[in-house]
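K.L.:
Protein sequences appear in the order of chains A and B.
The numbering used here numbers the first residue of the first sequence as 1 and each following residue consecutively.
The numbering used here numbers the first residue of the second sequence as 175 and each following residue consecutively.
Keep in mind the hints are simulated off the structure, nothing from the lab.
Treat each hint with caution, since some may be false.
[Stated by the list, open to error] Computed list of lysine to aspartate or glutamate pairs in EDC-like fashion (alpha-carbon distance at most 16 Å, straight line): (1) B:LYS300 - B:ASP240; (2) A:LYS130 - B:GLU569; (3) A:LYS140 - A:ASP124; (4) B:LYS481 - A:ASP118; (5) A:LYS36 - B:ASP240; (6) A:LYS14 - A:ASP56; (7) B:LYS353 - B:GLU224; (8) B:LYS247 - B:ASP265; (9) A:LYS134 - B:ASP566; (10) B:LYS247 - A:GLU117; (11) A:LYS171 - A:ASP56; (12) A:LYS140 - B:GLU569; (13) A:LYS140 - B:ASP566; (14) B:LYS335 - B:ASP240; (15) B:LYS302 - B:ASP373; (16) A:LYS134 - B:GLU569; (17) A:LYS130 - A:ASP118; (18) B:LYS302 - B:ASP378; (19) A:LYS17 - A:GLU2; (20) B:LYS247 - A:ASP25; (21) A:LYS17 - A:ASP56; (22) A:LYS134 - A:GLU117; (23) A:LYS134 - A:GLU69; (24) B:LYS271 - B:ASP240.
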Amino acid sequence: MELRPEFLLPAIAKTLKDVILPALDETHQVAQEQLKLAIGFLDIMASQRHLLFAFDLDELARHAATAGELAALLGTSADHADLLAQAGKIAGSGAGDPDGIVALTRQLRAAIVAMIEDGYGRGDAALAAKIHSKMNDYAKVQLLRERGWALPMGFENTPDAVPAIAGQLGKVTA
Amino acid sequence: MPIIDKARPDPAWVDRLRQRYPTEREWDHVLSSKQRRRAGPGYTPLAVGEIVAGLEALLRHEIGGDFAISDAKWLAGGASKLQIAFWLEWDKPGVGKTRERMVLRMEPPESAVETSRRREFEILAKMKGVLAVPDVYWVDPDGSFLQYPALVCGFVTGTTKPSGITSSVTGIGINFGPKFREPLGAQVIRDMAIMHQWDWQAADLRSFDLPQPGTEAVEWNINHWARVWQEDCNEEVPFVSEIEHWLRLNMPPIDRISLTHNDFRSGNFLFDETSGQITSWLDWELAHLGDRHQELGFFAVENMGHKSEDGSQHLAHGLMPIERMLEEYQQVSGLSVEQRKVDYYRVFFCYRAAVIILGTCIRAAMGGKTHQDLTVAWLSGFAYRNLEEARDVLERIG
């Protein structure tokens with residue numbers, strides 16, 4: 001099968017840039033902006049599509065680790081044993097159904113949020129401080145990944161300060 | 175864990191969120207209305223003529239039949255509202271036959287920020303003569319005449335940024351340049367001080383709830399955005415929940431309740447490039463009664479500013495270093511500034527940005543609910559910088 005996104009995405013973006021954009025009414029600002037954003041999204045999807053699986057697998061592994069640490073902190077590891085075992089198995093193997101990995105990470109995200117609620121709800125200041133510290137450590141890495149993925153969108157004031165996502169995921173090719 | 179279908183929310187689930195996150199009645203009203211519309215159709219392109227027909231119906235109801243609308247055109251700008259400029263010939267009370275340019279501001283089925291036209295209309299009317307704001311004329315708060323809730327205000331001249339500069343899709347990080355930033359910065363401080371000293375108690379603000387001194391207004395504000403996050407987020411973002419808990423544990427008592435615009439920033443005022451004077455403050459829809467430090471905390475958000483030309487200073491919202499802004503604000507307003515509260519609201523605004531961008535914008539784009547779905551989707555890329563700034567502040571202040 002030849003009709004694959006690796007060439008179709010850049011081809012669509014090129015057509016929009018070369019043919020459609022010049023033909024668009026320059027005074028129609030909303031249309032101009034929407035088309036430029038469409039091209040921008042296509043460019044990002046085309047250039048980062050090959051990193052998506054590695055990104056999702058990395059997210060799964062880190063969320064599983066954070067969920068496991070929080071569960072240990074709260075003494076609720078048994079409640080999350082199945083989820084953590086399933087995530088650990090896939091993260092360890094480095095293989096799995098892409099949609100299933102995203103769904104599992106979403107379960108982990110929800111579990112982490114529930115544990116945050118549980119922890120703060122106990123009214124224990126020392127425990128709250130530990131959760132706060134744990135979530136700060138988690139966020140430090142998670143946000144770097146997210147910012148790396150969103151880097152081509154141009155929101156960073158100092159883009160050089162954010163490592164490219166390929167490098168963060170160990171996927172730099174010579 | 176029960177699966178919630180947020181694209182078709184169960185009214186009982188919405189009601190539980192209402193109970194869990196009590197907030198101002200008007201905010202509750204607009205958020206609940208949004209949930210009732212959620213399962214409905216997405217945005218279908220509207221022709222200007224269709225909107226004008228609704229506008230005519232509104233005007234017939236308000237002023238009778240003696241008017242004429244002409245030259246109605248789409249206005250660009252703003253990620254959350256449909257805006258049309260038009261000319262109205264009418265018999266204006268106290269003036270007589272006149273022709274003036276006006277703007278219709280209308281919501282799409284869902285927008286980046288769901289707000290009340292009733293409240294925007296009310297506060298704009300109250301601010302006339304206090305600050306530079308557009309005149310307001312009529313409101314259709316529940317979409318009885320137009321396709322969606324809308325208001326009509328006067329057309330104001332001016333620009334959000336100097337000619338010839340480019341900025342991001344939302345106007346984030348506007349660079350006013352050395353010529354404008356000094357005079358604009360001074361006016362921003364002056365207007366902020368006027369707003370915070372304004373006697374709201376004498377104003378009979380009917381669509382605003384009046385908070386008790388202490389933390390009630392802070393809690394309403396957090397509850398508002400926590401509810402929005404619960405109703406809109408597609409996937410959980412654990413650090414958003416973490417920040418919400420930090421905000422609740424560290425709510426600063428309010429020593430003096432002030433009117434706060436709640437989106438007082440570069441990009442939300444127009445200025446005249448010849449005189450350098452601010453011609454109008456826009457987007458009052460989030461205004462509420464709260465802590466003056468809220469505005470100051472927003473100016474402290476570094477993501478909204480940029481470095482000076484020589485790289486030696488960070489300019490808050492492109493205007494001036496935040497330290498200087500806080501100092502001058504104290505001098506001009508005569509009101510004290512507490513750094514801890516500025517930091518608190520800096521974190522709050524980073525949190526709120528994440529709620530809007532990662533929660534509502536993604537949800538609206540997924541449902542095809544706006545007139546510019548790609549704009550609201552594109553904004554998602556800005557959320558992570560905001561969360562990182564919050565994380566950085568929290569790491570510093572604990």
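K.L.:
When you check the alpha-carbon spacing of LYS302 (chain B) and ASP373 (chain B), does it fall within 16 Å?
P.N.:
Given that 16 Å is the threshold and the Cα spacing comes to 14 Å, the pair holds.
K.L.:
Check whether the Cα positions of LYS140 (chain A) and ASP124 (chain A) lie no farther apart than 16 Å.
P.N.:
24 Å, violated
K.L.:
Given the hinted pair LYS481 (chain B) and ASP118 (chain A), is their alpha-carbon gap at most 16 Å?
P.N.:
Not OK: LYS481 (chain B) and ASP118 (chain A) at ~42 Å, beyond 16 Å, violated.
K.L.:
Are the Cα atoms of LYS14 (chain A) and ASP56 (chain A) separated by 16 Å or less?
P.N.:
28 Å, violated
K.L.:
Decide if the proposed pair is consistent with the structure: LYS247 (chain B) and ASP265 (chain B), CA atoms, cutoff 16 Å inclusive.
P.N.:
Roughly 22 Å separates the two Cα atoms, so the pair is violated.
K.L.:
For the pair we were handed, LYS247 (chain B) and GLU117 (chain A), check the Cα-Cα distance against 16 Å.
P.N.:
49 Å, violated
K.L.:
Would you check the hint for LYS140 (chain A) and ASP566 (chain B), treating anything up to 16 Å between C-alpha atoms as holding?
P.N.:
At roughly 9 Å apart (the allowed maximum being 16 Å), ASP566 (chain B) and LYS140 (chain A) satisfy the hint.
K.L.:
Taking 16 Å as the top limit, are the C-alpha atoms of LYS140 (chain A) and GLU569 (chain B) close enough?
P.N.:
10 Å, holds
K.L.:
Given the hinted pair LYS130 (chain A) and ASP118 (chain A), is their Cα-Cα distance within 16 Å?
P.N.:
13 Å, holds
K.L.:
Holds or violated: LYS271 (chain B) with ASP240 (chain B), Cα cutoff 16 Å?
P.N.:
With Cα atoms ~10 Å apart, LYS271 (chain B) and ASP240 (chain B) stay inside 16 Å; holds.
K.L.:
Do the alpha carbons of LYS134 (chain A) and GLU69 (chain A) lie within 16 Å of each other, as the hint requires?
P.N.:
Holds, at roughly 8 Å.
K.L.:
Going straight from one Cα to the other, do LYS171 (chain A) and ASP56 (chain A) come out at no more than 16 Å?
P.N.:
13 Å, holds
Hint compliance for this structure: hints 1, 3, 4, 5, 6, 7, 8, 10, 14, 19 and 21 are not met, and every other hint is.
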